[in-house]
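**Student:** Under the working numbering, the first residue of the sequence shown is numbered 1, with each subsequent residue one higher.
There may be inaccurate statements among the hints.
[Claimed, not checked] Between beta-carbon pairs, the in silico distance windows are:
1) Ala313 to Ala248: 19 to 27 Å
2) Thr265 to Ala117: 44 to 52 Å
3) Ala299 to Thr265: 18 to 26 Å
4) Glu139 to Thr6: 48 to 56 Å
5) Ala299 to Met199: 37 to 45 Å
6) Thr265 to Arg154: 50 to 58 Å
7) Arg110 to Gly232: 13 to 21 Å
8) Lys105 to Glu224: 18 to 26 Å
9) Trp67 to Pro197: 20 to 28 Å
10) Ile123 to Trp67: 22 to 30 Å
Source of the hints: derived by calculation from the structure; they are not laboratory data.
Note that the structure is predicted; figures quoted are calculated from it, not measured.
All residues carry an ideal CB built from backbone N, CA and C; glycine is no exception.
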Amino acid sequence: MKISLTWPQILAWRLRRQFVAGADGPGVVEIARRLCGVQTQVPSSARLAVAVRSADPDPGAVDRALWHDRTLTKTWIMRGTLHLLPAEELADYCAALGTLRFWEKGSWQRGHGVTTAEIEAIIEAVPKVLEGACLTREELVEAVVEVTGDAHLRQALTSGWGALLKPLSRLGELCYGPPRDGRVTFTAPRGWLPSWPGMPPTAAEAGVRVARAFLGAHGPATPEMLDTWLFGGVARKAVLRGWFRDLAGELTEVEVAGRPLLALTEHLDDLTAQPPSDAVHLLPGFDQFILGAPRGLEALIPAGVKAKVSRAAGWISPVVVHEGRVAGVWEPEGGTVALDLFEPVPADLLAIAVQRMETLLAA
1 MKISLTWPQI
11 LAWRLRRQFV
21 AGADGPGVVE
31 IARRLCGVQT
41 QVPSSARLAV
51 AVRSADPDPG
61 AVDRALWHDR
71 TLTKTWIMRG
81 TLHLLPAEEL
91 ADYCAALGTL
101 RFWEKGSWQR
111 GHGVTTAEIE
121 AIIEAVPKVL
131 EGACLTREEL
141 VEAVVEVTGD
151 AHLRQALTSG
161 WGALLKPLSR
171 LGELCYGPPR
181 DGRVTFTAPR
191 GWLPSWPGMP
201 PTAAEAGVRV
211 ARAFLGAHGP
221 ATPEMLDTWL
231 FGGVARKAVL
241 RGWFRDLAGE
251 LTEVEVAGRP
261 LLALTEHLDD
271 LTAQPPSDAV
281 HLLPGFDQFI
291 LGAPRGLEAL
301 IPAGVKAKVS
311 RAAGWISPVV
321 VHEGRVAGVW
331 EPEGGTVALD
341 LFEPVPADLL
351 AIAVQRMETL
361 LAA
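Use the sequences and the hints to build the structure in full.
**Tutor:** Right, here's the structure in full:
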């Protein structure tokens, strides 16, 4: 007999698995590991995402892990967006995402004003110029132009939001280095990260590990949900099928609102025993609790308020979560929280959540 679960159960379980319900995350690296990365397009949101989950919030933890301990890394990865990831897991995400070589498509090259030969030259040159170095974007561009002898690449590499550098991040040849005089630098993971493997993982091995980690934080789910979160919905279907086929011995199909989803078998007892949540939480913008779920999941984001949560240009608002679903959005205003509630929320629980967030904002 198939196990039946409800979305309120699942969302309550995710809040606990993602260290939100207990605020018991043991450290920045373990929080990033459990969440399968922390999106950091907006650095302050990433720091809040870590702090709100931390047993002992530490404003300096992210920077220490990135630039001193080198146990955390920052790079363009899932969906081409900037993320914080455990350094020892970066090679897995690169190998999995490297199965989709978008930069080899003529339409992508034309859209970014480069030829096949030029993008190949960039991919060959960047690892050479970053070896043992941390370069600003301007320094990196000039070094690539010098190595390739192609002055046209100067304009291509300095326009946009680093689009021509993103293939290098997926290939594991580029990540952020320590800031210098307030400016971003780039470096090579193999020289910067002590945990970078001598032998890169295969895409099949890495994909299984990534899929397992995703289900451990954002499951139960489907291969399509993994695809949307990881690739933006454009993965090669044969690749996804292979990962889930290799993971099949660890999975059990469950039924949720009449729909089949896949859960890690080791989590079934925990999932079935999970009661719905009645708690209130404030989460920052671009939070993984929202990003790891399907955009059309009305059990999480009611259709009528979706536009206030998932806004123009990919902006994801800070949210108020009650009973596992989005009950409002909020914004920081001068160190305080300005609320826009969509439905009634218990005043006492909301006050506690707001006070905690304001304390974190002050830090």
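**Student:** For each hint, tell me whether it holds in the structure or not.
**Tutor:** How the hints compare with the structure:
The given range of 19 to 27 Å is broken by Ala313 and Ala248, whose C-beta atoms sit roughly 38 Å from each other. Hint check: Thr265 to Ala117, Cβ distance near 49 Å, so the stated range 44 to 52 Å holds. In this structure the hint that Ala299 and Thr265 lie 18 to 26 Å apart at CB holds, the actual value being about 23 Å. The supplied range of 48 to 56 Å is met by Glu139 and Thr6, whose beta-carbon atoms lie about 54 Å from each other.
For Ala299 and Met199, the Cβ-Cβ distance of about 43 Å falls inside the hinted range of 37 to 45 Å, so the restraint holds. Range check, Thr265 to Arg154: about 53 Å between beta-carbon atoms, so the 50 to 58 Å window is met. At about 20 Å, the CB distance of Arg110 to Gly232 agrees with the hint of 13 to 21 Å. Remark: the range hint 18 to 26 Å for Lys105 to Glu224 is upheld by a beta-carbon distance near 22 Å.
Take Trp67 and Pro197: their Cβ atoms lie about 21 Å apart, and the range 20 to 28 Å holds. Checked against the hint of 22 to 30 Å, the pair Ile123 and Trp67 passes, with Cβ atoms roughly 26 Å apart.
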